[in-house]
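Engineer: Could you build all of it, start to finish, from the sequences and the hints given here?
Protein chains in written order, with the working numbering: chain A, 30 to 303; chain B, -16 to 449.
Take the hints with a grain of salt, since some may be wrong.
Lysine-lysine pairs mimicking DSS-like chemistry, simulated, CA-CA at most 30 Å apart [unchecked claim]:
| id | chain 1 | residue 1 | chain 2 | residue 2 |
| --- | --- | --- | --- | --- |
| 1 | A | K32 | B | K191 |
| 2 | A | K58 | B | K175 |
| 3 | A | K301 | B | K250 |
| 4 | A | K32 | B | K175 |
| 5 | B | K395 | A | K260 |
| 6 | B | K392 | A | K32 |
To spell it out: a stretch of chain A is covered by chain B in this simulated footprint if at least three of its residues, at any positions, have a beta carbon under 8 Å from a beta carbon of chain B; those stretches are [stated by the list, open to error]:
| id | stretch |
| --- | --- |
| 7 | 44 to 58 |
| 8 | 69 to 81 |
| 9 | 235 to 245 |
| 10 | 250 to 262 |
| 11 | 287 to 293 |
Quick list of the computed label-pair ranges, beta carbon to beta carbon [unchecked claim]:
| id | chain 1 | residue 1 | chain 2 | residue 2 | range |
| --- | --- | --- | --- | --- | --- |
| 12 | A | E51 | B | P411 | 21 to 29 Å |
| 13 | A | T108 | B | N6 | 30 to 38 Å |
| 14 | B | L253 | A | G186 | 46 to 54 Å |
| 15 | A | A110 | B | E53 | 25 to 33 Å |
| 16 | A | Q169 | B | G125 | 53 to 61 Å |
| 17 | A | S273 | B | T446 | 47 to 55 Å |
Since the hints were made in silico from the structure, they are not lab data.
Beta carbons: idealized from backbone N, C-alpha and C, even for Gly.
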Amino acid sequence: MVKILKKELLVPNIHFMVLESEVIHLNAKAGEFVVVRPDEYGERIPLNLVDWDEHSASVVFMEVGTSTRKLGCLKSGDTIADLAGPLGRPTEIVTGKKILAIGGCYGIGALYPVLRAFKESGNTVITAIEARSAFLLYWQERLKKYSDEFFEITRDGTRGFTGHIDKFLNWYLLKNSVDMVYAQGCAYLTYLVSQTTKPVGIKTVVGLNPIMIDATGMCGVCRVIINGETKFACVDGPEFDGHSVDWANLLTRRHIYINEERRSLSFYECEKYG
Amino acid sequence: MPEKIIPKKTPMREQPPKERIKNFNEVPYGYSPEEAIAEAKRCLQCKKAPCVAGCPVEIDIPGFIKFIAEGDFKSAIRLIKEKNVLPAVCGRVCPQETQCEQVCTLAKKYEPVAIGRLERFAADYEAAQGEAPIPELPPSTGKKVAVIGSGPGGLTVAGDLIRLGHSVTIFEALHKPGGVLVYGIPEFRLPKAIVYREVDYLIRCGVKLVLNFIVGKTATIDQLLKEFDAVYIGTGAGLPWFMNIPGENLNGVYSANEYLTRSNLMKAYLFPEYDTPIARGKRVAVVGGGNVAMDCARTALRLGAEEVHIVYRRSKQEMPARIEEIHHAEEEGVIFDWLTLPVRYIGDERGWVKEMECIKMQLGEPDASGRRKPIPIEGSNYITPVDTVICAIGQGPNPLIPQTTPDLKAGKWGNIEVDKATMKTSKPKCWAGGDVVRGGATVILAMGDARIAARSIDEYLRTGVW
Ligand SMILES: Cc1cc2nc3c(=O)[nH]c(=O)nc-3n(C[C@H](O)[C@H](O)[C@H](O)COP(=O)(O)OP(=O)(O)OC[C@H]3O[C@@H](n4cnc5c(N)ncnc54)[C@H](O)[C@@H]3O)c2cc1C
Ligand SMILES: Cc1cc2nc3c(=O)[nH]c(=O)nc-3n(C[C@H](O)[C@H](O)[C@H](O)COP(=O)(O)OP(=O)(O)OC[C@H]3O[C@@H](n4cnc5c(N)ncnc54)[C@H](O)[C@@H]3O)c2cc1C
Ligand code: SF4
Ligand code: SF4
Ligand code: FES
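Structural biologist: Given below as structure tokens:
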């Protein structure tokens, strides 16, 4: 049993959760993730580590299906069944570079430790966070602390730059040059970022989120195709060069269980709400 | 001594095939006390019992069988447990036909004594009596041992060392202990309650169990060595192999590990009560010919498949699976496509596998493994419809520890190298055994390695000499 030390709703559907852990901090690095299991019936799901200290590990998650819905219903002081990590390869932290870092939905949270590591290693960091509407953006103050420049992007134009990430990238890269683009968030966002930077040849690192189970390299469900070669995202990634990813395969594999996931969610909701 | 030789084993009652493919309950029921006594009386009580040498942990087989024949089941289990801490497991899953039973004197002319079934009987008898009593433990030596992995190997090392007065902590990456016994081997062959009972016994003896702790990531071996005097690595062979043929990343193509982990560890067969889903295919192909392939095929049937094929590139004689498992699979209606090799998988417009292309094989000269090498027959390709494919062609050692422990010597396939007499690795204070050393092997061999390592660890802890 793992205690929830703190939980808060950041914006509709996106939660911040601090979990008790005496061990995650021992080796935790930016870009790594943890696996959590909400209860005895639950799935093992991967979530990025957004922060840690000697007694805790924190995550930011978006409610999409049963597991994240279950987590969403919990409050400070409750417990979850399991927490394991850190897992995956950490972000490769370069030095002395100009980096454009992009986050959307849960990726805004996932961006935080990476920005911090980039900044602390002497890089110039330009941060851009994006959402459908202004009320879905969060953690601006936290992120600004580690950013040299800071942009907000909304699709409906309620704050900052209006449009989707591709429009922003085309606009920004027209008059600025960067050494590298880094992106965290849903597969569509990381895909769009990679597609936009590919023609202009800017190195782009993205966090991928295929389905996982054990997250230790044991089951192979997380396989992704990178430069034509099969890799296990949990041990070889989850970050890869966005221009080498077989996106069609990733997006198809993420939907393997779409019917079952719907069934699971309606089963859970009927049980919970009658 | 039996008055008259009884040529055949006392049969064991089983769930009928038609019924059992609709549930995940254990298939054989086990012997009743009367059946066990009858079977035990078949044993000739040979003076130089060859069966003992056939058992990798050298159980006193005639000894425990004699106790069963006399109806003294308590003494039987006590004697078995001197050598084997997981008898309920081994009695069920050991490949007896190539070990103890193969060399049984009776086997020369008749069926061997059903040693495995008797071992299982004695263990189940003990369990039915309630919690096993804790043995008296010697005073603490003050030495601390870290055991990495809670498979049969790790559990054996822990059991041996705690009884020698050392403090033992098991670190397990997953959220449940037991290794392959829990995530791999299905409930209908090895009920998980049996494994948890053994783990519980170790915990009652004082072994500490830390779950969700991935050595190499959560803490490295070097970090553990700051706190522990010795480390045993029993991390198993969990890395699934694929064939690297076109279409292997289509939806509906599984590794055996994924398929079995979903069903066993995550209980996907009880979806949606449990949250983890699994594809319930109608036409399933399982590629491979070992125990793992049999387990996948039989799981697929229980998940509602109409047709399950085992696709194996050699013939029945070369199949590495246990005879009992092949027999059970046949009874349940699994179809065997011998001398057949998949060459590619074909997907539909939604990215799901819909067909597989296979080529027929013929057997040539024996290869390095002594088995006849399969050779493709040119032009014999054919395409057959499938909606689920499970790749059960084998697995390699878990890579996390070799990757994060640079001074630990590993072979070409990632197997940790050890000195066979002590199971010492190239890294001081580190021992290893079981599948991480051997590649995919057996439960009892992992336990045998663990025994050797435990003895060596104890000696090191007492003398301080590496
Ligand atoms: C390495 C890694 C790190 C991750 N980090 C985070 C994180 O920090 N925070 C976080 O919220 N999520 C993160 N994810 C994604 C997260 O694991 C999934 O959202 C989660 O498993 C969904 O479980 P569920 O049971 O709630 O939904 P499911 O029932 O599994 O999914 C419901 C439906 O939503 C879709 N879906 C699932 N996840 C997403 C998504 N992220 N974006 C769009 N659609 C989705 C599925 O395809 C499915 O159709 C990460 C994934 C990986 C592999
Ligand atoms: C489906 C299947 C069926 C089988 N059937 C039979 C059979 O009928 N008879 C038979 O004798 N054998 C059978 N085997 C083989 C047998 O199960 C193995 O040989 C045996 O389990 C090996 O034991 P082990 O202790 O070495 O490792 P494992 O049982 O593999 O256990 C290793 C444990 O270590 C954990 N681990 C791995 N890495 C780390 C890490 N970095 N940190 C912490 N923990 C870690 C794993 O999660 C796992 O729990 C079968 C195997 C499979 C897969
Ligand atoms: S442990 Fe295995 S090999 Fe040894 S006697 Fe028992 S069944 Fe036979
Ligand atoms: S070899 Fe067979 S008959 Fe002889 S003691 Fe062993 S089990 Fe009994
Ligand atoms: S999640 Fe199982 S191998 Fe990556």
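Engineer: It remains to establish, for every hint, whether it holds in the given structure.
Structural biologist: Hints and how they fare:
Under the criterion of a C-alpha separation no larger than 30 Å, the hint pairing A/K32 with B/K191 is consistent with the structure, at around 20 Å. Pair hint A/K58 plus B/K175 does not hold up; C-alpha atoms about 36 Å apart against a cutoff of 30 Å. Between A/K301 and B/K250 the CA atoms are separated by roughly 21 Å; this keeps the pair inside 30 Å, and the hint holds. For the suggested pair A/K32 and B/K175, the alpha carbons sit about 27 Å apart, so the restraint of at most 30 Å is met.
Note on B/K395 and A/K260: the hinted pairing holds, with a Cα-Cα distance of about 19 Å set against a maximum of 30 Å. Distance hint between B/K392 and A/K32 is unfulfilled; the C-alpha atoms sit about 39 Å from each other, more than 30 Å. Using a Cβ-Cβ cut-off of 8 Å, 4 residues of the stretch 44 to 58 of chain A lie near chain B, which meets the minimum of three, so the contact claim holds. Here's how the stretch 69 to 81 of chain A fares: 4 of its residues keep a CB closer than 8 Å to some CB of chain B, so the rule of at least three is met and the hint holds.
As drawn, the stretch 235 to 245 of chain A meets chain B at 3 residues by the rule of a beta-carbon pair under 8 Å; at three or more, the given contact holds. Coverage of a stretch by a chain is defined here by at least three residues with a beta carbon nearer than 8 Å to that chain's beta carbons; for the stretch 250 to 262 of chain A and chain B the count is 4, and the condition holds. With a threshold of 8 Å between beta carbons, the proposed coverage of the stretch 287 to 293 of chain A by chain B holds, since 4 of its residues qualify and at least three are required. The beta-carbon spacing between A/E51 and B/P411, approximately 28 Å, falls within the hinted interval of 21 to 29 Å.
For A/T108 and B/N6, the Cβ-Cβ distance of about 33 Å falls inside the hinted range of 30 to 38 Å, so the restraint holds. Between B/L253 and A/G186 the beta carbon distance is about 48 Å. The supplied range of 46 to 54 Å therefore holds. For the pair A/A110 and B/E53, the beta carbons lie near 47 Å from each other, so the given range of 25 to 33 Å is not met. Evaluation of the 53 to 61 Å hint for A/Q169 and B/G125 yields a pass: the beta carbon distance comes to about 54 Å.
Judged by the Cβ atoms, the range 47 to 55 Å given for A/S273 and B/T446 holds: they are separated by roughly 54 Å.
Hint compliance for this structure: hints 2, 6 and 15 are not met, and every other hint is.
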